[in-house]
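Trainee: Below are the chains, spelled out letter by letter.
There are 2 protein chains.
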Amino acid sequence: MQTMNTPQLLKGFRDFYPLEMAFRNWLYRQFKSIAESFGFEEYEGPMLETLDLYAAKSGEELVKKQAFTLTDKSGKILALRPEMTPTLARMVSKKAGSLVFPIKWFSFGPRFRYETPQRGRGREFFQCDVDILGLENPEVDAEVISVAAKMYQSLGLSPTEVRIKINDRKYIREKLELIGAGDEKMTAIFKVIDKKSKVPDVVFDKMLGQEGLNPTQTKQLKNILQDKQGYVNSEWLSKILSLVQTMGVGEFVEFDPTIVRGLDYYTRTVFEGWDIKGEFRSIWGGGRYDNLTEEIGGRQRIPGVGFAMGDMVLEEILKANGKYPKLETIKTKVLVTVFDPDFYQSSLKVTNNLRKAGINAEVYLEPEAKLDKQLKYADRKGIPYVVIIGPEEAAKNVVTLKNMKEKTQKIISIEELPSHVP
Amino acid sequence: MQTMNTPQLLKGFRDFYPLEMAFRNWLYRQFKSIAESFGFEEYEGPMLETLDLYAAKSGEELVKKQAFTLTDKSGKILALRPEMTPTLARMVSKKAGSLVFPIKWFSFGPRFRYETPQRGRGREFFQCDVDILGLENPEVDAEVISVAAKMYQSLGLSPTEVRIKINDRKYIREKLELIGAGDEKMTAIFKVIDKKSKVPDVVFDKMLGQEGLNPTQTKQLKNILQDKQGYVNSEWLSKILSLVQTMGVGEFVEFDPTIVRGLDYYTRTVFEGWDIKGEFRSIWGGGRYDNLTEEIGGRQRIPGVGFAMGDMVLEEILKANGKYPKLETIKTKVLVTVFDPDFYQSSLKVTNNLRKAGINAEVYLEPEAKLDKQLKYADRKGIPYVVIIGPEEAAKNVVTLKNMKEKTQKIISIEELPSHVP
Chain A
60 MQTMNTPQLL KGFRDFYPLE MAFRNWLYRQ FKSIAESFGF EEYEGPMLET
110 LDLYAAKSGE ELVKKQAFTL TDKSGKILAL RPEMTPTLAR MVSKKAGSLV
160 FPIKWFSFGP RFRYETPQRG RGREFFQCDV DILGLENPEV DAEVISVAAK
210 MYQSLGLSPT EVRIKINDRK YIREKLELIG AGDEKMTAIF KVIDKKSKVP
260 DVVFDKMLGQ EGLNPTQTKQ LKNILQDKQG YVNSEWLSKI LSLVQTMGVG
310 EFVEFDPTIV RGLDYYTRTV FEGWDIKGEF RSIWGGGRYD NLTEEIGGRQ
360 RIPGVGFAMG DMVLEEILKA NGKYPKLETI KTKVLVTVFD PDFYQSSLKV
410 TNNLRKAGIN AEVYLEPEAK LDKQLKYADR KGIPYVVIIG PEEAAKNVVT
460 LKNMKEKTQK IISIEELPSH VP
Chain B
60 MQTMNTPQLL KGFRDFYPLE MAFRNWLYRQ FKSIAESFGF EEYEGPMLET
110 LDLYAAKSGE ELVKKQAFTL TDKSGKILAL RPEMTPTLAR MVSKKAGSLV
160 FPIKWFSFGP RFRYETPQRG RGREFFQCDV DILGLENPEV DAEVISVAAK
210 MYQSLGLSPT EVRIKINDRK YIREKLELIG AGDEKMTAIF KVIDKKSKVP
260 DVVFDKMLGQ EGLNPTQTKQ LKNILQDKQG YVNSEWLSKI LSLVQTMGVG
310 EFVEFDPTIV RGLDYYTRTV FEGWDIKGEF RSIWGGGRYD NLTEEIGGRQ
360 RIPGVGFAMG DMVLEEILKA NGKYPKLETI KTKVLVTVFD PDFYQSSLKV
410 TNNLRKAGIN AEVYLEPEAK LDKQLKYADR KGIPYVVIIG PEEAAKNVVT
460 LKNMKEKTQK IISIEELPSH VP
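First to last, the protein sequences are chains A and B.
What the first sequence shows, in the numbering used here, is residues 60 to 481, in sequence order.
What the second sequence shows, in the numbering used here, is residues 60 to 481, in sequence order.
Accuracy of the hints is not assured; some may be wrong.
Any copy will do: because identical chains look the same in the list, a pair fits if it lies in one copy or spans two.
As the list claims (entries may be wrong) - Straight line, CA to CA, 27 Å or less: simulated DSS-like cross-link-like pairs of lysine-lysine:
1. Lys-298 - Lys-408
2. Lys-91 - Lys-385
3. Lys-257 - Lys-464
4. Lys-390 - Lys-91
5. Lys-124 - Lys-135
6. Lys-124 - Lys-455
7. Lys-265 - Lys-278
8. Lys-281 - Lys-385
9. Lys-390 - Lys-154
10. Lys-415 - Lys-298
11. Lys-135 - Lys-123
12. Lys-385 - Lys-440
13. Lys-124 - Lys-70
14. Lys-153 - Lys-70
15. Lys-255 - Lys-390
16. Lys-287 - Lys-250
17. Lys-234 - Lys-70
18. Lys-254 - Lys-234
19. Lys-123 - Lys-70
Since the hints were made in silico from the structure, they are not lab data.
This structure is a prediction, so every number in the text was calculated from the model and none was measured.
Whole structure, please, built from the sequences with the hints as guidance.
Mentor: Here you go:
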């Protein structure tokens, strides 16, 4: 009997039944296909890392509040990876001497964050990470942003539904210097700017005041953050915006000076995916991290730029926009039924021959089952063809092939069966 | 500077650089292709479960000694999944009312065991799990064993290299009853039998003595374990062995009465993969678990049978037998070089058009790089074609297409370029 103690799925985690798994696989295939079309190679890392790897620069919230941690037998604190970039930086640092630069890598796998589950946000989720390491020129940032836009397209999403907002932390840093806020306050001010879209205007002003900006500076900063044409004075941003136009994805990309991102390791370009049609909110992010390999203790500085796109938010957006794909979970083309237990071997042989001909086929595994039950199984599973071999068929070395959709059937020789299944 | 404190990959864990990732993907594709040819659907579960899920029946060693555990904020003990079957039983129990039986599912993903890393064994490894739930007849066991054998074949392994040894715990239980050891000692005696191949004969005798067998019983039991023809008296085992013959994989499968498996939840058929040519050892396992859904607290009894095949041992066996596959990590067909920064936009356009024609293409991302460096990149990456667009080409609206392998080149119009890349 089931009791209160029956082990349950943990809160914020997911079971992927075949239909959910088919969606995850579909998403992965889209990501992989676009990444590979740009020449990115797939990599993966371990699910567990030392907590120290993130302590360096992932940002306090991610590390202190949201990490799932455990202590190993030597007392070392380990963390289930909350994100992939530190692992990537560690891997690239380690083999920098033998890798071909620029490195263009992508990955798709689980990430873990101990936060309150809500729609589009879980404690275990999947992200596609796309990164280029080894170069510092804006062409690289434009390529990474183009990959993200092409991924939108391959999921069926358009610029009326989703966007990519870009900014340059260096551009904002320079502006802050001009208004006299370019000192040690800067990191704190970045964190306030990152919260701008989540708090009312008066709260935003107050938060800036708490970080030491006087009313004049606050007003100046807000002007900077409202200037959607500011990028024209930035060669870096202008270049990126021009190149994404050439790539044919310019309509997905816009400059937004309020985008600064929460992760501490971003040094220059930062960008975010936005849901325009739905709830108008940030859905994924990325940026340039030119010092990360050194910050995690690597021997040399290897600049990089990349993004991570999560599965749960995208699923919500696809559903909200009527773009959720039609999925099938089963690849079986033919169900070979079993007339009675004595015929199981005959049915098994026919099934095996279909498979040898490259046709996915199942034999019905319960030899005593009535034919009705077997046909119902094919129907519920959506298997398009059913083969019947009874005493009459067996005597003549033929089978009955039923087309389940068209509700037709024909008698054909066992040898010719594979060629009758399209 | 790198210090002693630089975060390192954890012991027993793996970084999958592109070449290792290509192997993992290749293995997954073989597993998936065979499983789908039999009509299995893919599923996945969470990486974390409550420890209680395993406490029920996974066996003391797996739970108490080898589980990576952590405590959540409510004090509940969680475990990184050491195996998949309890998750599967939980998932199937939960939705038993709406699922179509028999359930035929497979999965491929990480498992975690805190044990001493050695060749072919890590703390994070990947397993392909294949299971059928809902039926208790031996045809089902024969199908699952056939899937394993077909997976061997698809990896290129033959019966001279690997085998599947099968047994029936019920058969052994009945034999133990006949020699007067069929009481509460049985579970303990099974554990001793499971160690038979790992200990010298005298130690084996002593262990049986410690479990209460007298010298006569020990002798009788050893006779049972040596009788390789014993299956002829078992209708169950005879049926399975006959059906795998029909499936054309009989040469992979043999009866071995010493195979009992370590997991507590197996009720009937048990089977193991063996490396014949190499070190002659157990490489993976499976069996029938007819009571597991109840044992983990499910409402109803759902019989099942399945196996889990791990990536690390298989990799060793493929290498030892010269069957490790030839792998490529990069899918790029064409590298479009950049003559100088002014030509970047032209090169980018050509690259984008190649991709639109379905050809995986890269533009060289460093516009200042010398052509030599760009060609060297293509060479080191194994990119088969290179496109050059200089001032002369641009003026005539043509490109130079180099075949890197044949060291030939031709000049073609930009429009015709995609059709010249095979």
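Trainee: For each hint, tell me whether it holds in the structure or not.
Mentor: Hints, verified against the model:
1. Taking CA atoms no more than 27 Å apart as the test, Lys-298 paired with Lys-408 passes between copies only; the shortest distance there is 15 Å, against 64 Å inside one copy.
2. Both within a single protomer and between protomers do Lys-91 and Lys-385 lie at most 27 Å apart by alpha-carbon distance, with minima of 19 Å and 20 Å respectively.
3. Taking identical chains as interchangeable, the C-alpha atoms of Lys-257 and Lys-464 are never at most 27 Å apart, the minima being 52 Å within one chain and 56 Å between chains.
4. For the identical chains of this complex, Lys-390 and Lys-91 are neighbours both inside a copy (21 Å) and across copies (11 Å), given an alpha-carbon limit of 27 Å.
5. Proximity of Lys-124 and Lys-135 under a CA criterion of 27 Å is satisfied in both settings, with 18 Å inside one chain copy and 18 Å between copies.
6. Taking CA atoms no more than 27 Å apart as the test, Lys-124 paired with Lys-455 passes in neither setting, with 72 Å inside one copy and 60 Å between copies.
7. Taking the closest pair of Cα atoms, Lys-265 and Lys-278 come within 27 Å of each other only inside a single copy of the chain (12 Å); across copies the shortest separation is 86 Å, beyond that limit.
8. For a Cα distance limit of 27 Å, the shortest separation of Lys-281 from Lys-385 qualifies neither inside one copy, at 45 Å, nor across copies, at 58 Å.
9. Within a single copy, Lys-390 and Lys-154 get their C-alpha atoms only as close as 41 Å, which misses the 27 Å cut-off; across copies the closest is 22 Å, which meets it.
10. For the identical chains of this complex, Lys-415 and Lys-298 are inter-copy neighbours only, at 23 Å across copies versus 55 Å inside a copy, given an alpha-carbon limit of 27 Å.
11. In this assembly of identical chains, the alpha carbons of Lys-135 and Lys-123 lie at most 27 Å apart whether taken from the same copy (16 Å) or from different copies (20 Å).
12. In this assembly of identical chains, the alpha carbons of Lys-385 and Lys-440 lie at most 27 Å apart only when taken from the same copy (15 Å versus 37 Å across copies).
13. Taking the shortest Cα distances, Lys-124 and Lys-70 sit within 27 Å of each other both inside one copy (17 Å) and across copies (26 Å).
14. In the homo-oligomer, the alpha carbons of Lys-153 and Lys-70 lie at most 27 Å apart only across protomers (15 Å), although the nearest pairing inside one protomer, at 36 Å, exceeds that limit.
15. For a Cα distance limit of 27 Å, the shortest separation of Lys-255 from Lys-390 qualifies neither inside one copy, at 48 Å, nor across copies, at 42 Å.
16. In the homo-oligomer, the alpha carbons of Lys-287 and Lys-250 lie at most 27 Å apart inside one protomer (20 Å), although the nearest pairing across protomers, at 72 Å, exceeds that limit.
17. For the homomeric pair Lys-234 and Lys-70, neither the shortest alpha-carbon distance inside one copy (44 Å) nor that between copies (46 Å) is at most 27 Å.
18. In this assembly of identical chains, Lys-254 and Lys-234 lie within 27 Å of each other by CA distance solely inside one copy; the values are 19 Å within and 71 Å between copies.
19. Taking the shortest alpha-carbon separations for Lys-123 and Lys-70, both the intra-copy value of 20 Å and the inter-copy value of 24 Å come in at or below 27 Å.
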